[in-house]
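Participant: Here is how the chains run, residue by residue.
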Amino acid sequence: MKKIVIIGATSAVATETARCFALEGAELFIAGRSEEKLERLANDLRCRGAAVVHTGLFNSRDLAAHDQLLEQAFHKLGEIDAALIAHGDLPNQAECQRAWVETARALETNFLSPVAFLTWLANYFETRGKGNITVISSVAGDRGRQSNYIYGCAKGALAVFLQGLRNRLAPRGVSVTTIKPGFIDTPMTAHIKKGPLFASAEVVGKRIYKAMKRGESVVYAPFFWRFIMLIIIHIPEFVFKKLKL
Amino acid sequence: MRRYESWGRYPKIRDQKVLSVYSLKGPLPLPEDDRSVLPYGLGRSYGDSCVNDNNAIIETSALSNFIAFDPSTGILRAESGVSLATILKVFVPKGWFLPVTPGTKFVTLGGAIANDIHGKNHHRAGTFGRHVTQFGLLRSTGEHLTCSPTQNADLFRATIGGLGLTGLISWVEIKLIHIRSAYLDTRTIKFRNLDEFVEISRENDPIYDYSVSWVDCTTEGDQLGRGLFMAGNFSERTKSRQPPSLAIPFPCQAPSWLLNSYFMRSFNTLYYNKQFSRSVDALTHYEPFFYPLDAIINWNRMYGSRGFFQYQFVVPFDQKGETIKEIFRRITRSKRASFLAVLKTFGDLESPGIMSFPRKGITLALDFPNDGAPTLALMNELDTIVLGAGGSLYPAKDARMSHKGFLASHPRLAEFEPHIDPRFSSSFWRRVRN
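First to last, the sequence lines map onto chains A and B. Be aware that the first sequence starts at 1116, since it is given in the numbering used here, and climbs by one per residue. Be aware that the second sequence starts at 103, since it is given in the numbering used here, and climbs by one per residue.
Each statement offered as a hint is correct.
Straight-line distance between alpha carbons at most 25 Å, and here's what the computed PhoX-like set of lysine-lysine pairs gives:
no.	chain 1	residue 1	chain 2	residue 2
1	B	Lys114	A	Lys1309
2	B	Lys506	B	Lys427
3	A	Lys1328	B	Lys196
4	B	Lys191	A	Lys1117
5	A	Lys1309	B	Lys119
6	B	Lys196	A	Lys1321
7	A	Lys1308	B	Lys119
Some chain B residues judged to face chain A by a derived CB distance under 8 Å, without partners named:
no.	residue
8	Arg104
9	Ser122
10	Tyr124
11	Asn167
12	Phe168
13	Ile169
14	Ala170
15	Phe171
16	Val192
To be clear, the hints were calculated from the coordinates, so they are not data collected in a lab. Ideal Cβ placement from N, Cα and C applies to all residues, glycine included.
With the rest of the complex left out, here is chain A (with noise of 0.2 Å):
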């Protein structure tokens, strides 16, 4: 993989994933909403060894101007041999319950805006017969709880919408990769108490280097929570309505 466009790079996960492709000598196009932050990406890019780097700046709420990053992307990379979606943000619940416009919203940032560019890459993709694309959903998307559901449902429908489109590119040889991260020690949970289920950033990042590679297609990272998430999903649901989760 030489030619890779990776939306939402400055994100702490995906600046990972980004470092690894710049260490075998990648093109890249990164996309992000600060252009301080972009900057800064791309010159460590450049020194770990990315051939070249391209930016470019979007809002995940201006969806139709969407289309039009992906074209740059690929006016200025000629072709593209996979994508990477790693954008979003974690809502906060407790207004989202007051307000359906803040859910409305969560729903934009982490749903619609990945299907606006999924909906461009996948027809690239579909006649250009082979490619990996790649997008960060969440272990929250498994099962909806009452602390965190906004956000798991937005992620939800991201995994529905990814099982759809990757059984739909399989035949025409390409890849889809659901990343399901369970807790990450970011700047998005910086809020957040800790606990020992905490992964890093790099860990992470690595991970979906790893399975873009090997055009994977459902990925837990860290791998244990395929075990934590069998569990959850398998407590009936009149146990698990009682459950303070």
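Using the hints provided, position chain B relative to the given structure of chain A.
Facilitator: Then chain B, alone, in the frame of chain A:
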């Protein structure tokens, strides 16, 4: 989950607020109340100089970007949270190496400056601080200063070896050295006692860029201070820059009784006799040569929950090495030493740092399992000999030196203190200054 403790896991931290710094441009994160702060990198300082109990630390893991590299000069600029391990991973394949490296690569650039680290090439290259061309310093006033030998030169000299107390080092510029391969031509020579060490060191230090010795602290008499002298130069014979590297985590916390004196003596005898002939030459990858212990992640857990002490000092070189012999006799008699005793001759290249530890002489570093009062008593005894001989103790490895020992080790303290940022402090600092 990350624990913000020191490498020796002593003293234990009770209450420490953790703040993070994300941007080079933003203001310094500070607690709302008047608690002090201390920058925290990878926590490889052994004692309490990297922690700030009952106060706050500012962890720097997000300052992880490279900024620029000039392949024509080897000058690298990077954010201060970048580790030496990352620099090696990226730059060894391109033919570059660190100008100075300590015995672990898991330290940050900021930490390397704050402790003005030294390595196996001290006799040829001096300390890390000599290879720093400039750095950024973020003060609690919100000022962003660039410090170099010509710009804010006072703060430049105070920050190198300044234990993180002069402000937060935000970015660092250093000069890498060019290497042809990732391998060294190494020579390991057995010495039967300290007199032989002195002789071998005098003969070989001029030929080798890197040298260090492992010493057995369990033998006495004419075997006092026997060991292995290990030296090397980067090889021109091969061009390979590929690593053979596999790190094994130390699986769990070992029971504290494991490292007893019988175990130690057996280990030391086995290690001393690992080579039969007096001198062995080899082609060695830089990882095992520079970082033998990094192959075991969290090796500090070997000492169990009580943790351990490191003790490192430098004493001026006297012709017969009497001071160092006296110290060895005390350690051997105590039966408390562990297997990690390291001896090295420091050269006379001066550091720019006011508070820098290395100076011309012989340095010895060793571990003591924490057995409480008897261990502390032994180190106090050693202090008397070291300081009596005009030597110094190393803050980065210390969890117990006295106020007096600190003063004697830092003759230029009065010159340093005005540069301390008023919001910065550390557990170490409060201990040695009160």
